[in-house]
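J.: Chain by chain, the residues:
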Amino acid sequence: MNARRLWIALATLLHREVGRFLRIWMQTLLPPVITMGIYFVVFGSLLGPRIQRIDGFSYIEFIVPGLVMMSVITNSFSNVASSFFNARFQRSVEELQVAPVPDWIMVAGYVGGGMLRGILVGFLVLLVSLAFHPVRFHNLAIVMAFLVLTSLVFALAGFSNALIARRFDDISIVPTFILTPLTYFGGVFYSISLLPPIWRALSRLNPILYMVNGFRFGFLGASDIPTWIGLVTLMGLAGALVALNLLLLARGVGLRT
Amino acid sequence: MNTALSIRNLSKTYSGGLEALRGVDLDVEEGDFYALLGPNGAGKSTLIGILTNLVRPTAGEIHVFGVDARAHPERARALMGVVPQEFNFNVFEKTLEILVFQAGLYGIPRTEALPRAQELLERLGLGDPMNQIAQHLSGGMKRRLMVARALVNSPRLLILDEPTAGVDIELRRGLWEILTELNQKGTTIILTTHYLEEAEKLCRNLAIIDHGKILEQGPIQDLVRRLEVQTFVLDLAAATTLEQLPSGFQIRQIDPNRLEIDVPEGLTLNQVFAALEARGVEVISLRNKSNRLEELFLHLVGRGRL
Ligand SMILES: Nc1ncnc2c1ncn2[C@@H]1O[C@H](COP(=O)(O)OP(=O)(O)OP(=O)(O)O)[C@@H](O)[C@H]1O
Ligand SMILES: [Mg+2]
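Residue numbers (the working numbering), protein chains in the order written: chain P, 1 to 257; chain Y, 1 to 306.
Careful: at least some of the hints might be erroneous.
As the list claims (entries may be wrong) - Footprint (simulated), chain P over chain Y, 3 or more residues, beta carbon under 8 angstroms: (1) 51–57; (2) 79–86.
Claimed, not checked - One-sided excerpt, in silico: chain Y residues whose CB lies under 7 angstroms from chain P: (3) F89; (4) N90; (5) F101; (6) Y106; (7) P109.
I should point out that these hints are in silico values taken from the structure, not numbers from a laboratory.
We put the beta carbon where it would ideally sit given N, CA and C, even for glycine.
Using the sequences and the hints given, assemble the complete structure.
T.: Given below as structure tokens:
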């Protein structure tokens, strides 16, 4: 396959993935926007004024970047996990296997689709937050870097999950037992400087902490942790997950008996 | 003549230990219409699965039009189209989208794929706008949708795993016409089917596989000719008694108006008729008891009388 053919194959897959989440926007785009809107109302408008300023920022200002990041994480992950697992379940993934499409195109197509959904939802949530507080960008390049890398990492993780899952239940295990706790304890709602030392140390083992803080730094210019650590962590995770997915595919895990 | 498909020593042992293929060798010439026959569980779909990247072979070599499928899997796959045994499209998609999507995966841009997909759908009787959502198609229509999908990249080798299962007679004939026409235009076709008349009607060469081994392969006409005995059913003009039947033949009376006779190689029907004539038995019509390929098949897979 020459480059043009590969590009058409990738574009075809992306076209379908994006078409899918746009078509069912009531299940894919609306719920996260509503949930985050509720967070903004409860924490930002109702509780926020009673909470001390953190690093000199009002509470709503402080939590918006974290909540945007949270939506990016869950939506990138679940888009790939459910779309790809469904393709395996319905066996329509065989259309890709039978075609002269190399494994990396399959990964790129699904992961690209998941990233686009994560980024789109993140953007919509940010848009909703404007109703509560104007947004400021300390460094747009850092915002973009964290946005793209985070959606990449979690879309890749969703792909691995869908590949090893045997039942539909298996693709909700990671969001429920791993993503949700790690995000809530990842400094979305508080600065880890408020925690007792032991919890502060434990929090530093949570990769999501670095993403949330780095992303927040891009908006506010304040962070608990140096930004470069977040970027390096994300790139490391992305590299490892790309390798993992390609290895699983080469071994035929989940797709070839 | 070029070889469209060459398989050497192909084996597959599934993870549970079941040996689905045991050293299969198979050659299909370019332009051939080839039948792959075998009872349930013989290993046909496993073989096709390996060819189309759905099943990992345990050992063996495959060349598709000379392309080594292990060294250049994508180049080999680009030459093939497959109609799988089981439905494997997203039922929530529109038929046209299913075809355009598949075309895109072969590097055919959307603008080119759309008219082509439309044409294929019409050719397979799925052009009606009522038939847009794959989920709403009948079983036979779903199968034709998969045929259309397999043709979207104009494959040089078309592989069909029981394409006519559950398709009514009229549509089956329609499909036969399409396949014959494709074959005449140069597409090499491999077909599995449990309808042996279908294989005999369409195909030139065949392989019979059972328990993962090829039992026999070659031109259908030659193989059928090797059958040593044929059984005919004769309808008689009038009731006959057992005493009337000539001796020296393997004749059985089914009812007073019907006889069954085994005709071994070396005996001609003229001789049979002469003997019956001499006894005053008048035959109105005659037919093979079963399709000849069917007899060969049953014989080879060990369920025949021979
Ligand atoms: N995924 C699998 N895991 C384990 N065994 C399998 C698997 N797929 C098929 N088999 C076994 O391999 C053998 C060959 O199956 P296969 O589907 O190739 O047969 P077939 O010739 O296509 O039969 P049919 O005419 O019923 O479609 C069977 O015994 C089957 O049970
Ligand atoms: Mg089969």
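J.: What hints, given by number in increasing order, does this structure fail?
T.: none
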